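Chemist: Chain by chain, the residues:
Protein chains: 2
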Amino acid sequence: MSRNVAKRKRIYLKEKPAEKIGAEHFELREEDVPEPKVGEVLVKGLYISLDAAMRAWMQGRTYRSEVDAGVVMPGLLLGEVIESRDPSLPEGALVEGDMGWQDYAVVPARSLMRRKAMKPLTHLLSAYGITGRTAYFGMMDIGRPKPGDVVLVSAAAGAVGSLAAQMARMAGATVVGIAGSDKKCAYLTETLKLDAAVSHRDKRFFAALQEACPNGIDLYFDNVGGEVLEAALFLMNERGRVVCCGAVSQYDAAPGPTPGPRGIPGLLVVKRLEMRGFIVMDYAARLAEADGRVASWIAEKKLAVPEDIVEGIEKTPQALIGLLHGENIGKRIVKI
Amino acid sequence: MSRNVAKRKRIYLKEKPAEKIGAEHFELREEDVPEPKVGEVLVKGLYISLDAAMRAWMQGRTYRSEVDAGVVMPGLLLGEVIESRDPSLPEGALVEGDMGWQDYAVVPARSLMRRKAMKPLTHLLSAYGITGRTAYFGMMDIGRPKPGDVVLVSAAAGAVGSLAAQMARMAGATVVGIAGSDKKCAYLTETLKLDAAVSHRDKRFFAALQEACPNGIDLYFDNVGGEVLEAALFLMNERGRVVCCGAVSQYDAAPGPTPGPRGIPGLLVVKRLEMRGFIVMDYAARLAEADGRVASWIAEKKLAVPEDIVEGIEKTPQALIGLLHGENIGKRIVKI
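Protein chains in written order, with our numbering: chain A, 1 to 336; chain B, 1 to 336.
None of the hints are false.
The list treats identical chains as one, so a pair stands whether inside a single copy or across any two.
Within a straight-line C-alpha distance of at most 27 Å, the following computed DSS-like cross-link-like pairs (lysine-lysine) qualify: (1) 20 / 271; (2) 271 / 16; (3) 193 / 302; (4) 7 / 315; (5) 302 / 119; (6) 119 / 193; (7) 302 / 116; (8) 315 / 183; (9) 315 / 44.
No lab work stands behind these hints: they were computed from the structure. Remember, predicted model here, so these are calculated numbers, not experimental data.
Just need the whole structure built from these sequences, with the hints factored in.
Modeler: What follows is the structure in structure tokens.
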């Protein structure tokens, strides 16, 4: 037994937020590291993946069961096996799994997925993780942009949006991004080479969006829901399609769904629109396809993979809160 | 010139309703019948087709231009050519067109579609009109129910809903109808043989709907929007589909779209739902297919075509108002 670690840091969800989430809802505890039992491994955490949907987990059942107070905050962790009592996962294996916010995790080996090391390692949680795969299947399988389409992407400077927008651009579409600041908008047009970008915090947001889409919108990749979705619906062209990927504008609020955008279902009928939701887990059988395409695009320097790395496990709660406030450009990851 | 008519009755939209529509918004005027010019015909009106969407035409642009005050109320009229100055339409021809609410119309021949007489003639406006074709393409082309699916249809005692629900039943689905009274619900289960029916006026509507759909809903054919759509979304099964055919709950109100149902887009994402709107005009090239299938079903006594005939052109405003209040079972038609 080569390990030399007795204590670990674990971040608990102390209390579920009634409305806005804050640092007070979390608690860092130092606890003893238990011995792994037969079939279990001890994993040293390297990186924690942060996603806006984690806030939605606290609101109720989503694509996973609701997260209740009193548990280590769940979430995807990439780490290294440093002690093993299961022959399938030797010491030194790189693994990912829903191990939650902790620097050392003792978990059943069968709950983990083994991953191959790459440079940078963080790409396993961005380009080749839920983020990249969500962007790929959402845009390429559900959205299917055609050359000449006008594609609108919200949260376009975010983890999924930044990749999805670039994929639409590669497909020959005119791509307009929505983000939450002028700095992000500049990033979208200057670095990611989108055709236009609009800030949803602009007081004349709707007019600005209309100006950015003079020929209407053929495909809207929606990460946010709410008023931005409503604005897009009013600007959609006939037979347009809406890919429902997320609803981040709705997550940091009291539990329970809020009213939907105006114009549903009237605008859907009159404009013959299609809205479709999806969850990346449904594509489990096709992950290699997504990873392969993404790898080619990265190798050809056609796809930039923005990442936003926060250092220190104790900063994880604030990093999630900041993510919900739109601090990040690209995939936010905590380096433990 | 064989005609013997000097005056005609025309019903004008005197004023656009600010909120609820009433008889005061219409005006019946007696006017001289003009001589048809070259290329025009004089049509004696036989039947006026009434549709809830006519109220939406007064709210703004829909699939047709907005209807403004001061014009003869538009709408589909079935009639007979009694005087012709166009060789393509001889006297005696049966024609339909957007001639509006009048007993004699002088219109360009090219604006009319010739129809073949049948018994009953009213079926040209129901089974073989916009109604039957909307039900057919909406249910069979967009909805595509499979044997074993649970299909929910709102306004199921209405013109389109009653046909769409029966088509789903013929496809082998379990069909639940929503209507606005116990009498209509009894009609749905007893006469149309639906598996269950629920009144949206039931105080415990959501619970009743849940009881009627213990295995959830796979396909929802939505004619109404609003709270009924919201209830259906909460009961949809994963990968369920919503056919957006109309939004009658929204029509008799002030112009401008109202908030959408709660849960959009959140429920669409989590349950991977698809919502799709359509307009029957898009199927112009396939009308013969719809009419042929409907004719077979009627001949085989598999499809009942409920009609609700109101007599007297002067009753047309009240007939539309009553339709919006849900008075009718099946297609409401005014016999002139």
